[in-house]
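Undergrad: Sequence:
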Amino acid sequence: MTDSETSAIKDSLTVSPAEPDETKDTEKNFNQVKKENGDSKGTSSAKDPGAAEKEFVHPEGGWGWVVMLASMWCNGSVFGIQNAFGIMFVALLKEFGSEHDEDLKFRTAWVGSLSMGMIFFCSPIVSVFTDLLGCRITAVGGAAVGLVGLLASSFVTSLELMYFTYGIVFACGCSFAYQPSLVILGHYFKKRLGLVNGIVTAGSSVFTVTLPFMLSGLLEKVGRQNTMRVLCIFMFILLLAGFTYKPLMPKSASSSSKSGGQCVALKRVFNVNIWKSLGYRIWAFGIPAALYGYFVPYVHLMKHVEERFGVDANKEVLLMCIGITSGVGRLIFGRVADYVPGVNKVFLQVSSFLVIGLMSMMIPLCNIFGGLVAVCLLMGLFDGCFICIMAPIAFELVGSQNVSQAIGFLLGMMSVPMTVGPPIAGFLRDRLGSYDVAFYLAGIPPMIGGAVLCLIPWVEARRKRIEMEAAKDTTEKMLEHKGSNEGPAESASHPESVI
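The sequence shown begins at 1 in the UniProt record's numbering and counts up one residue at a time.
Derived by calculation from the structure, the hints in this document are not laboratory data.
None of these values were measured; they are calculated from a predicted model.
Wrong hints could be hidden among the right ones.
What follows is a set of in silico ranges between Cβ atoms, one per label pair, in the way DEER data are often shown [claimed, not checked]:
{"#": "1", "residue 1": "Glu467", "residue 2": "Lys191", "range": "19 to 29 Å"}
{"#": "2", "residue 1": "Thr157", "residue 2": "Gly342", "range": "26 to 36 Å"}
{"#": "3", "residue 1": "Gly223", "residue 2": "Pro341", "range": "22 to 32 Å"}
{"#": "4", "residue 1": "Leu133", "residue 2": "Glu480", "range": "30 to 40 Å"}
{"#": "5", "residue 1": "Val272", "residue 2": "Thr157", "range": "28 to 38 Å"}
{"#": "6", "residue 1": "Lys482", "residue 2": "Ile332", "range": "45 to 55 Å"}
Below are the DSS-like pairs computed for lysine-lysine, each with C-alpha atoms no more than 30 Å apart in a straight line [claimed, not checked]:
{"#": "7", "residue 1": "Lys464", "residue 2": "Lys191"}
{"#": "8", "residue 1": "Lys190", "residue 2": "Lys276"}
{"#": "9", "residue 1": "Lys472", "residue 2": "Lys482"}
{"#": "10", "residue 1": "Lys464", "residue 2": "Lys477"}
{"#": "11", "residue 1": "Lys477", "residue 2": "Lys276"}
{"#": "12", "residue 1": "Lys221", "residue 2": "Lys246"}
{"#": "13", "residue 1": "Lys246", "residue 2": "Lys94"}
{"#": "14", "residue 1": "Lys190", "residue 2": "Lys94"}
{"#": "15", "residue 1": "Lys477", "residue 2": "Lys190"}
{"#": "16", "residue 1": "Lys276", "residue 2": "Lys221"}
{"#": "17", "residue 1": "Lys191", "residue 2": "Lys94"}
{"#": "18", "residue 1": "Lys221", "residue 2": "Lys303"}
{"#": "19", "residue 1": "Lys303", "residue 2": "Lys246"}
Cβ atoms here follow ideal geometry from the backbone N, Cα and C, with glycine treated the same way.
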């Protein structure tokens, strides 16, 4: 080896240490570009040193199957009871009703509507508790509160007290138990997340099918108060199921950092990264817009059937039809969602809202009971589609580190339309003497919300295109900068070329 070759090797070794700094600067610039464009997943991964050391591997099974069954029971007991409120609604009308009360249906509808609305209204707060305390503690505590609220509801003798015990206490407990059951699934599954979400959310369909018949029998034999005490057993099992929610994913860097002080604590309480994503903002406003008429059939369909087809009509069959096809839809569309890339899963929700809106408008047009059964079958099928892919879409839009609060804020915004829709329908019935106009109007918001959601894939594609162009520019600048540093080094390593 000649002296010139030895000198060249030494010079090359002195140049190479500068490359990591340049690479870090480039990565920093690229992450800054992603942050400015609202990509919360990019920013969260950039801030999480644990993710850089070792990427979390989902077990895709094992104890996760037990967690899945516990989450399935949670969804079933919470929303099975809520969806079967139409049966309880008729019982409350008989218990607290009066022939001279013109607003009876309006006031009674507030019990179930307030309960459903509070489940979603508490979700932003639940997401904070989930991040701070974990899924297990939050779920167990929520189930305990729900048990107390439901037990207290069995002793009340007025609608006003029912607003508090059933509409607020019981519903808040259900909210704290429900949301962790969705978040914990992301700790155990990734490739099968769509299928698992479909199975879990199908739990509410199973309960929606069976509870109406059970409640009808119990209400007839033991009365409303003892029926609610029987339902307390479901909440106690839910409390035990919450103990299975063992967290696996590492905490984000923001929770372990000690340099941020109050700023870090504030970020844990309110994660602003999710709102930097334009796609998430559209999603968070589009879905609530679609839900103003969503819960109306669950509350008023039973009474509408009595008025249209008589008291002896087998109205429980309609809830059973919705429950069965909703469960089938959650399994089918949950599996389909695993094969739909990225945010294109939103198109599944768009189609579900269009069909749900159309079916709501078809309810008053059904003059034969068989037609109403067909409407409920289709409504349930696409209701399952809408429900089962909410969590997978949230993971696509904001990433796994931010999904808890993303789902929480979305459910919180859903509380307003879910709460006001059924009472408005009851008010229209009391004033107009028929549910026809209420069901016609209930079909309009889902169609509008579905049209808004169509913007999300276009927005996300545009964001990714901007990121790719920015990454290409920074790479070219890095190569140019590297070439300018290597030029003088090469000339210095060949002194004979200068001579």
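Undergrad: Work down the list of hints and note, for each, if the structure agrees.
TA: Evaluated hints:
{"no.": "1", "hint": "Glu467 with Lys191: 19 to 29 Å", "verdict": "24 Å, holds"}
{"no.": "2", "hint": "Thr157 with Gly342: 26 to 36 Å", "verdict": "53 Å, violated"}
{"no.": "3", "hint": "Gly223 with Pro341: 22 to 32 Å", "verdict": "53 Å, violated"}
{"no.": "4", "hint": "Leu133 with Glu480: 30 to 40 Å", "verdict": "50 Å, violated"}
{"no.": "5", "hint": "Val272 with Thr157: 28 to 38 Å", "verdict": "46 Å, violated"}
{"no.": "6", "hint": "Lys482 with Ile332: 45 to 55 Å", "verdict": "52 Å, holds"}
{"no.": "7", "hint": "Lys464 with Lys191", "verdict": "22 Å, holds"}
{"no.": "8", "hint": "Lys190 with Lys276", "verdict": "24 Å, holds"}
{"no.": "9", "hint": "Lys472 with Lys482", "verdict": "15 Å, holds"}
{"no.": "10", "hint": "Lys464 with Lys477", "verdict": "20 Å, holds"}
{"no.": "11", "hint": "Lys477 with Lys276", "verdict": "27 Å, holds"}
{"no.": "12", "hint": "Lys221 with Lys246", "verdict": "41 Å, violated"}
{"no.": "13", "hint": "Lys246 with Lys94", "verdict": "45 Å, violated"}
{"no.": "14", "hint": "Lys190 with Lys94", "verdict": "48 Å, violated"}
{"no.": "15", "hint": "Lys477 with Lys190", "verdict": "36 Å, violated"}
{"no.": "16", "hint": "Lys276 with Lys221", "verdict": "55 Å, violated"}
{"no.": "17", "hint": "Lys191 with Lys94", "verdict": "50 Å, violated"}
{"no.": "18", "hint": "Lys221 with Lys303", "verdict": "21 Å, holds"}
{"no.": "19", "hint": "Lys303 with Lys246", "verdict": "43 Å, violated"}
Of the hints listed earlier, those the structure fails to meet are numbers 2, 3, 4, 5, 12, 13, 14, 15, 16, 17 and 19, in rising order.
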